[in-house]
Amino acid sequence: MSAYIAIADVHPAPASVRDSVAWDEVALMARLIAVDPSGLGGLLLRGRAGPVRDQICAWVQGLLPAATVVRRIPVHVSDDRLLGGIALASTLRSGRIVWEQGLLPTCHGGLAVLPMAERLESRVVSQLCAVLDRGVLTLAREGVTAEVPCRLGLLVLDEGIGDEQVHVALRDRLALQVDLDALDARSIPAAPTQQEPLDDVRARLQSVTVGADAVTAMCSAAEALGIPSMRAALLAVRTACVHAALGGRTEVAEIDLALGARLVLGPLATRIPAPTPADDDAAQPDASDDAGEPNEPEPNEPESNTPQPDAPEPDAGPTDATNPDRDLQPCDDEQPPSTSGLEEIVLAAAKSGMPDGLLGALNVTAASRGATPSAGQAGASRTSTRGGRPAGARAAALEDGTRLAILDTLRAAAPWQRLRGGGVSSGPNDMRRIQVRREDFRIKQFQQRSETCVIFAVDASGSAALERLAEAKGAVEHLLTDCYVRRDHVALIAFRGTAADVVLPPTRSLARVRRRLADLAGGGTTPLAAGIDAAMVLANESRRRGQTPLVVMMTDGRGNVARDGRTGGAAPNDDALESSRRLRGTGVPSLVLDTSPRATPRVRLLAAEMNARYLALPYCNSAGVSREIRQLAQGGKPCR
Amino acid sequence: MPVFPFTAIVAQDELKLALQLVAIDPSLGGVLVLGDRGTGKSTAVRALATMLPSMNATRGCPYNCDPGSAPGGCADGCPRQAGGDTVVDRVPVPVVDLPLGATEDRVVGALDLEAALSRGERVFSPGLLARANRGFLYIDEVNLLPDHLVDLLLDVAASGENVVEREGVSIRHPARFVLIGSGNPEEGELRPQLLDRFGLALEITTPKEIPVRVEVVKRRMAFDRDPAAFLAEHAASEAAATRRLVDARVRVRELAVPDRVIERAATLCASLGTDGLRGELTLIRAARAAASLDGSSETNERHLVKVAALALRHRLRREPLDEVGSTVRVDKALEEVFAA
Numbered sequence: 056m057s058a059y060i061a062i063a064d065v066h067p068a069p070a071s072v073r074d075s076v077a078w079d080e081v082a083l084m085a086r087l088i089a090v091d092p093s094g095l096g097g098l099l100l101r102g103r104a105g106p107v108r109d110q111i112c113a114w115v116q117g118l119l120p121a122a123t124v125v126r127r128i129p130v131h132v133s134d135d136r137l138l139g140g141i142a143l144a145s146t147l148r149s150g151r152i153v154w155e156q157g158l159l160p161t162c163h164g165g166l167a168v169l170p171m172a173e174r175l176e177s178r179v180v181s182q183l184c185a186v187l188d189r190g191v192l193t194l195a196r197e198g199v200t201a202e203v204p205c206r207l208g209l210l211v212l213d214e215g216i217g218d219e220q221v222h223v224a225l226r227d228r229l230a231l232q233v234d235l236d237a238l239d240a241r242s243i244p245a246a247p248t249q250q251e252p253l254d255d256v257r258a259r260l261q262s263v264t265v266g267a268d269a270v271t272a273m274c275s276a277a278e279a280l281g282i283p284s285m286r287a288a289l290l291a292v293r294t295a296c297v298h299a300a301l302g303g304r305t306e307v308a309e310i311d312l313a314l315g316a317r318l319v320l321g322p323l324a325t326r327i328p329a330p331t332p333a334d335d336d337a338a339q340p341d342a343s344d345d346a347g348e349p350n351e352p353e354p355n356e357p358e359s360n361t362p363q364p365d366a367p368e369p370d371a372g373p374t375d376a377t378n379p380d381r382d383l384q385p386c387d388d389e390q391p392p393s394t395s396g397l398e399e400i401v402l403a404a405a406k407s408g409m410p411d412g413l414l415g416a417l418n419v420t421a422a423s424r425g426a427t428p429s430a431g432q433a434g435a436s437r438t439s440t441r442g443g444r445p446a447g448a449r450a451a452a453l454e455d456g457t458r459l460a461i462l463d464t465l466r467a468a469a470p471w472q473r474l475r476g477g478g479v480s481s482g483p484n485d486m487r488r489i490q491v492r493r494e495d496f497r498i499k500q501f502q503q504r505s506e507t508c509v510i511f512a513v514d515a516s517g518s519a520a521l522e523r524l525a526e527a528k529g530a531v532e533h534l535l536t537d538c539y540v541r542r543d544h545v546a547l548i549a550f551r552g553t554a555a556d557v558v559l560p561p562t563r564s565l566a567r568v569r570r571r572l573a574d575l576a577g578g579g580t581t582p583l584a585a586g587i588d589a590a591m592v593l594a595n596e597s598r599r600r601g602q603t604p605l606v607v608m609m610t611d612g613r614g615n616v617a618r619d620g621r622t623g624g625a626a627p628n629d630d631a632l633e634s635s636r637r638l639r640g641t642g643v644p645s646l647v648l649d650t651s652p653r654a655t656p657r658v659r660l661l662a663a664e665m666n667a668r669y670l671a672l673p674y675c676n677s678a679g680v681s682r683e684i685r686q687l688a689q690g691g692k693p694c695r
Numbered sequence: 241m242p243v244f245p246f247t248a249i250v251a252q253d254e255l256k257l258a259l260q261l262v263a264i265d266p267s268l269g270g271v272l273v274l275g276d277r278g279t280g281k282s283t284a285v286r287a288l289a290t291m292l293p294s295m296n297a298t299r300g301c302p303y304n305c306d307p308g309s310a311p312g313g314c315a316d317g318c319p320r321q322a323g324g325d326t327v328v329d330r331v332p333v334p335v336v337d338l339p340l341g342a343t344e345d346r347v348v349g350a351l352d353l354e355a356a357l358s359r360g361e362r363v364f365s366p367g368l369l370a371r372a373n374r375g376f377l378y379i380d381e382v383n384l385l386p387d388h389l390v391d392l393l394l395d396v397a398a399s400g401e402n403v404v405e406r407e408g409v410s411i412r413h414p415a416r417f418v419l420i421g422s423g424n425p426e427e428g429e430l431r432p433q434l435l436d437r438f439g440l441a442l443e444i445t446t447p448k449e450i451p452v453r454v455e456v457v458k459r460r461m462a463f464d465r466d467p468a469a470f471l472a473e474h475a476a477s478e479a480a481a482t483r484r485l486v487d488a489r490v491r492v493r494e495l496a497v498p499d500r501v502i503e504r505a506a507t508l509c510a511s512l513g514t515d516g517l518r519g520e521l522t523l524i525r526a527a528r529a530a531a532s533l534d535g536s537s538e539t540n541e542r543h544l545v546k547v548a549a550l551a552l553r554h555r556l557r558r559e560p561l562d563e564v565g566s567t568v569r570v571d572k573a574l575e576e577v578f579a580a
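If you're matching them up, the sequences are chains A and B in order.
With positions in the first sequence counted from 1, the corresponding number in my numbering is that position plus 55.
With positions in the second sequence counted from 1, the corresponding number in my numbering is that position plus 240.
In short, the hints are calculated from the structure, not lab data.
These numbers come from a predicted model, not from an experiment.
Careful: at least some of the hints might be erroneous.
[Claimed, not checked] Calculated pairs, DMTMM-like style, for lysine to aspartate or glutamate (alpha carbon to alpha carbon, straight line, at most 20 Å): (1) B:Lys458 x A:Asp268; (2) B:Lys458 x A:Glu306; (3) B:Lys448 x A:Asp268; (4) B:Lys458 x A:Glu278; (5) B:Lys458 x A:Asp188; (6) B:Lys448 x A:Glu278.
[As the list claims (entries may be wrong)] Covered, in the sense of this in silico footprint (three residues per stretch, anywhere, with C-beta under 8 Å from a C-beta of chain B), are these stretches of chain A: (7) 182-191; (8) 265-278.
No residue lacks a Cβ here, since even glycine has one placed at the ideal position from N, Cα and C.
Could you build the full structure based on these sequences and the hints that come with them?
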């Protein structure tokens with residue numbers, strides 16, 4: 056059993072030993088989830104698809120009793136299929152409502168597998184959360200209002216890279232997580248087995264008791280690790296109970312608690328516990344040094360957010376998430392005497408479950424909070440057949456997700472009734488059916504509001520900082536107020552030194568943009584080309600999500616770092632102009648604000664290459680800028 | 241499906257107060273609960289339903305109409321409209337959960353599909369708004385709801401009437417309900433125009449103190465293990481809370497609000513610069529409801545202070561980039577007004 060408690064051990068174990076330890080832990084998680092899928096909420100598998108992931112899924116399925124339902128829920132599942140809906144063909148044939156059960160209620164008592172969970176639309180996420188919370192599915196659709204029992208666990212397959220991750224609301228409800236990249240595909244051990252029948256374990260689980268001090272220890276650990284959600288502590292205790300039941304105990308023992316803390320609380324930690332607040336500062340730099348071998352899937356796209364210049368580089372080598380010798384907290388042995396022994400053990404165990412490179416990971420999680428990319432973002436000024444304001448009906452084949460416009464369909468069918476032999480009713484008591492054929496189908500159309508994503512690329516270099524960074528910040532702040540009113544998404548890129556950072560991926564949370572902006576420090580050289588490139592990548596990304604991107608570039612145009620990092624010569628300027636032309640090629644509307652003290656032809660040339668509007672900051676007030684952006688959003692032609 | 245009892249909810253006093261206030265005086269106009277995940281928002285709302293006393297309703301009426309009200313007040317489909325004999329039922333106050341993913345036709349009501357397809361008749365099939373009449377409509381993640389649905393819900397909540405003009409159906413029916421919305425602002429902000437259409441608003445956070453957190457976990461586990469025993473254990477306190485609510489509801493109409501309290505409320509609103517009179521009205525009504533919940537014979541300044549943040553924090557003219565939370569601004573204004 057791998058339920059050891061982390062004890063400082065200065066000698067790293069050989070790789071093979073660490074691998075087997077990691078695999079032992081995964082096997083244990085598979086057993087835990089098989090015992091109590093609905094109680095634990097589910098298992099999150101983060102990483103690329105591959106043999107490792109397939110193996111773990113197979114393990115979980117293999118442990119479950121044969122009769123257990125395990126269904127895959129595709130990422131773009133329609134509400135009809137997820138929750139249930141009218142089986143249209145048979146409804147029309149029989150003339151009465153025929154209900155088709157959805158995937159979720161089918162999984163009652165079993166597991167639902169969610170591939171590509173990072174792309175789940177928020178409507179699906181909220182349905183899943185409601186079902187996990189309540190164990191029943193509340194239906195209010197298409198003439199049916201009902202409550203259906205629906206207790207299930209989720210196997211969430213998160214393939215996100217970098218910032219992309221499964222929606223936080225869903226993550227919050229899952230007890231267990233496995234980082235697939237930390238596992239070595241070459242050393243997959245034999246499948247775990249369950250000697251005792253699961254039913255017996257489940258029966259024992261009912262009678263497992265938890266002491267008050269155990270609950271206190273878990274809550275203290277959650278607090279010390281900066282986990283705000285109450286669910287984490289609940290799930291950790293539940294995991295401890297399941298582990299006790301698996302081990303044949305009816306009372307939760309120390310090792311059960313340690314395991315619950317390590318598996319559940321560890322990966323959720325948002326801060327490194329320090330014995331005293333004074334040590335907090337000291338602990339963090341150490342931990343960041345310690346992050347030499349990250350096991351988080353590192354951002355490797357250029358737009359990825361690495362706010363720290365010294366953030367760890369991607370490391371291909373598999374590392375061990377549960378490495379017991381990882382000493383994240385240098386002051387480990389200086390625990391205050393006030394904490395009880397049990398609390399210490401639980402906290403130490405939770406820390407051993409903390410992912411490597413915590414600080415880097417923390418920045419990623421913090422940055423992507425609320426900005427979870429979703430497949431369901433409203434499209435840019437397009438007509439949709441799924442949601443939005445009703446905008447008439449049109450003839451079309453019924454596909455998944457489209458909605459039948461009943462009256463229009465009946466209306467279309469009406470003239471043909473006599474020809475089809477159904478006949479128009481001849482009197483009030485004539486109950487002959489109306490024949491509706493495929494060509495009569497009319498589906499509803501909806502107008503969706505277009506969503507704009509304003510990407511601010513701010514030159515934070517020394518030359519700009521000295522002169523006008525504060526002013527540029529002021530202008531951005533004013534624009535943000537405007538964006539807030541129009542509910543735009545806003546992203547922030549800063550370029551200085553040798554690279555451009557996505558300080559904030561597209562978000563609607565203006566308070567966060569403002570905070571990041573205030574923290575933005577100026578200084579260093581001007582990698583202008585990199586800044587333009589980063590804006591372009593982000594613009595393309597937001598377009599893929601169905602938004603309408605706009606780029607607002609704030610620079611003095613004095614680029615002095617080329618794309619490959621070289622300084623001096625003509626390369627920086629040439630690269631910047633070339634990047635501008637590429638941005639023009641994408642057709643993304645853009646605006647260049649000249650932040651140099653006097654309007655210079657340099658920035659004007661840049662704007663011309665970009666086919667962007669040009670405004671010199673000294674001559675335009677921020678109201679003027681926001682008017683320009685509005686016009687840009689409405690598709691106006693650049694004025695120069 | 242057993243529901244976690246209201247009185248067993250640990251801490252979260254402001255949330256519990258707000259819910260009780262709107263239950264006492266539905267004209268307050270809804271509660272908006274914003275806050276972190278896992279703080280007991282949904283639990284509290286669902287628990288409220290079980291605590292409310294049952295009410296008289298006309299059997300067979302899709303809108304749960306009050307048999308004591310004027311018969312003209314109900315709509316088509318109500319037995320009283322047809323002029324037949326009516327039977328009175330005691331029914332629990334409806335708390336309707338608006339699931340995300342609900343289709344618009346199920347919310348407002350629509351053409352009865354079965355009748356349309358099989359008999360070609362136009363029959364109105366009432367939606368969730370009809371079911372929520374005289375009760376509560378709860379929307380979790382209100383900030384994720386499509387804008388057009390939120391507009392519609394707030395409009396109906398404000399007018400107390402649902403007007404359906406769709407698919408050849410034309411009907412209006414009573415839909416008086418208290419709207420309760422919850423959500424996490426980090427996932428998307430509610431349109432600012434919609435904020436002040438909720439009567440009360442509060443921000444909810446996870447308890448930080450370890451003993452409170454421990455108690456939360458313990459009670460939840462006890463409930464999960466044996467719901468029946470847990471409910472029995474809290475039955476007495478639930479009954480007492482219900483009685484308090486019933487009394488408060490009766491008393492609230494007659495409860496006096498002295499002029500000096502009204503003046504204080506006006507001064508407070510003026511110093512905060514809230515737009516219009518809605519803020520003042522809600523503030524005074526909320527104070528009155530708080531007084532009747534307390535069992536006081538008169539509304540006083542203490543009640544005003546108690547509900548000021550609830551009633552006003554979302555009505556302040558908001559600089560979206562303002563660092564200072566609106567709660568802090570209300571508290572400051574309270575200090576100033578009451579120091580004077």
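Structure-based check of each hint:
1. B:Lys458 x A:Asp268: Measuring from Cα to Cα gives roughly 11 Å; hence the hint holds.
2. B:Lys458 x A:Glu306: 15 Å, holds
3. B:Lys448 x A:Asp268: 18 Å, holds
4. B:Lys458 x A:Glu278: 16 Å, holds
5. B:Lys458 x A:Asp188: 17 Å, holds
6. B:Lys448 x A:Glu278: 7 Å, holds
7. 182-191: holds (count 6)
8. 265-278: holds (count 9)
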